[in-house]
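Taken in sequence, the protein lines are chains S and X. Sequence positions in the first sequence follow the numbering used here and run 1 to 158. Sequence positions in the second sequence follow the numbering used here and run 1001 to 1183.
Everything labelled a hint here was simulated from the structure, so no lab data went into it. As the structure is a prediction and not an experimental result, all values here were calculated from the model. Note that the Cβ used here is the ideal one computed from N, Cα and C, for glycine as well. Hints may contain errors.
Between beta-carbon pairs, the in silico distance windows are [unchecked claim]:
#	chain 1	residue 1	chain 2	residue 2	range
1	X	Glu-1019	S	Val-72	41 to 51 Å
2	S	Met-1	X	Val-1123	51 to 61 Å
3	X	Ser-1180	S	Ala-26	25 to 35 Å
4	X	Pro-1130	S	Gly-155	52 to 62 Å
5	S	Ala-107	X	Tyr-1022	21 to 31 Å
6	X	Ser-1122	S	Leu-22	46 to 56 Å
7	X	Leu-1128	S	Thr-13	45 to 55 Å
8	S	Ser-126	X	Gly-1109	41 to 51 Å
9	X	Trp-1120	S	Glu-125	30 to 40 Å
10	S	Tyr-94	X	Ala-1158	22 to 32 Å
11	X	Arg-1121	S	Val-72	51 to 61 Å
12	S	Tyr-95	X	Trp-1120	44 to 54 Å
13	S	Ala-17	X	Gln-1006	33 to 43 Å
Below are the chains, spelled out letter by letter.
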Amino acid sequence: MLFPFFQWCEASTVGNAIRQSLWAFAVIESIHLLGLAAIGGAVLVVDLRMLGLGLRRQPIADLARSVHPWFVGSLAVMLVTGVGLFLSEAVKCYYSTPFWVKISSLALAITFSFTVRRKIALADESRIHPIWYKLVALVSLALWFGVGAGGRWIGFSG
Amino acid sequence: MTAFVQWLASTPGSVALHESLYMYPLVESVHVLTLCVFVGLAAILDLRLMGLTLGRTPVSEVARRLLPWMGFGFTIMVITGVMLFYAIPVRSYHSVWFRTKLILLVLAGLNAWLFHARIWRSVSNWDLDPVPPAAARVAGTASLVLWAGIIVTGRMIAYNWFDCDKPQPAAIVFAASCDSYPK
Chain S
1 MLFPFFQWCE
11 ASTVGNAIRQ
21 SLWAFAVIES
31 IHLLGLAAIG
41 GAVLVVDLRM
51 LGLGLRRQPI
61 ADLARSVHPW
71 FVGSLAVMLV
81 TGVGLFLSEA
91 VKCYYSTPFW
101 VKISSLALAI
111 TFSFTVRRKI
121 ALADESRIHP
131 IWYKLVALVS
141 LALWFGVGAG
151 GRWIGFSG
Chain X
1001 MTAFVQWLAS
1011 TPGSVALHES
1021 LYMYPLVESV
1031 HVLTLCVFVG
1041 LAAILDLRLM
1051 GLTLGRTPVS
1061 EVARRLLPWM
1071 GFGFTIMVIT
1081 GVMLFYAIPV
1091 RSYHSVWFRT
1101 KLILLVLAGL
1111 NAWLFHARIW
1121 RSVSNWDLDP
1131 VPPAAARVAG
1141 TASLVLWAGI
1151 IVTGRMIAYN
1161 WFDCDKPQPA
1171 AIVFAASCDS
1181 YPK
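Make a model of the complete structure from these sequences and hints.
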């Protein structure tokens, strides 16, 4: 049922243009990778802090609020470039297990980041048991790890 | 150097790494993920130096608390990076992208050293400033730009547009030492 949609994506104007250009895929991929590094920093600073590591003298809410624009910004860059990369090889992605791992992790990571994690991060620290912070940080790290590792592995398959 | 990389390519470890079905992708994945840790956290420090984030956190606090994690990421990134080179020594040595990346790495190191030796000495004067002085902002910007360049040129090594095994313009032949590329 999904397959015709993937075929349509691959045949789209943007998908065609990227696939036929010598440089487009590489350039978009590089920007995608820069976004990955940036989002890595923005996620890690807060997750480390929730684990009681890194900038542990700073209030969690302060860190989360301060880093949030960079998190959202790099996520936007990753999504835009990621869609471009996907359109250029949608059919390959359809048959790629790493792609499905990545896209599922991504959906979960985004949902988790903007709901549970954000709520916990901005909450009054005295009212949250430390175990919840640790749990949220570990789930966040695991999900983003799935996104990064799955994404890298798309390039190795097929 | 040419003889050295050719010898390196002939060693059993290099051949094994190059031909392995899972080891090479695994090493490359670890390289990318630890890059994400190191450059990601370095970017946070750079942005703090530029006055663009964590304005309420002292600069020295950001540096001191994140440095161990950056060191962890950097170490594994360098080890896996050396392994990736070891797997494909001849082609990498003759890659303009790889050579540019090395130059940028040296510049990034130089920038970090200069920052540490000069600007960092006076950190107690501007530690709490949400926007540090111009010299610190410049150092942060330089670091960010250089590491972005290192990531991009590193990624480009995988593409064969400028490989010596096909006809190249004189500038590439010179920059990649294509004359000594094994036929």
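Here is how each hint holds up against the structure:
no. : hint                                   : verdict
1   : Glu-1019(X) <-> Val-72(S): 41 to 51 Å  : 43 Å, holds
2   : Met-1(S) <-> Val-1123(X): 51 to 61 Å   : 59 Å, holds
3   : Ser-1180(X) <-> Ala-26(S): 25 to 35 Å  : 27 Å, holds
4   : Pro-1130(X) <-> Gly-155(S): 52 to 62 Å : 40 Å, violated
5   : Ala-107(S) <-> Tyr-1022(X): 21 to 31 Å : 27 Å, holds
6   : Ser-1122(X) <-> Leu-22(S): 46 to 56 Å  : 48 Å, holds
7   : Leu-1128(X) <-> Thr-13(S): 45 to 55 Å  : 52 Å, holds
8   : Ser-126(S) <-> Gly-1109(X): 41 to 51 Å : 44 Å, holds
9   : Trp-1120(X) <-> Glu-125(S): 30 to 40 Å : 31 Å, holds
10  : Tyr-94(S) <-> Ala-1158(X): 22 to 32 Å  : 23 Å, holds
11  : Arg-1121(X) <-> Val-72(S): 51 to 61 Å  : 36 Å, violated
12  : Tyr-95(S) <-> Trp-1120(X): 44 to 54 Å  : 52 Å, holds
13  : Ala-17(S) <-> Gln-1006(X): 33 to 43 Å  : 41 Å, holds
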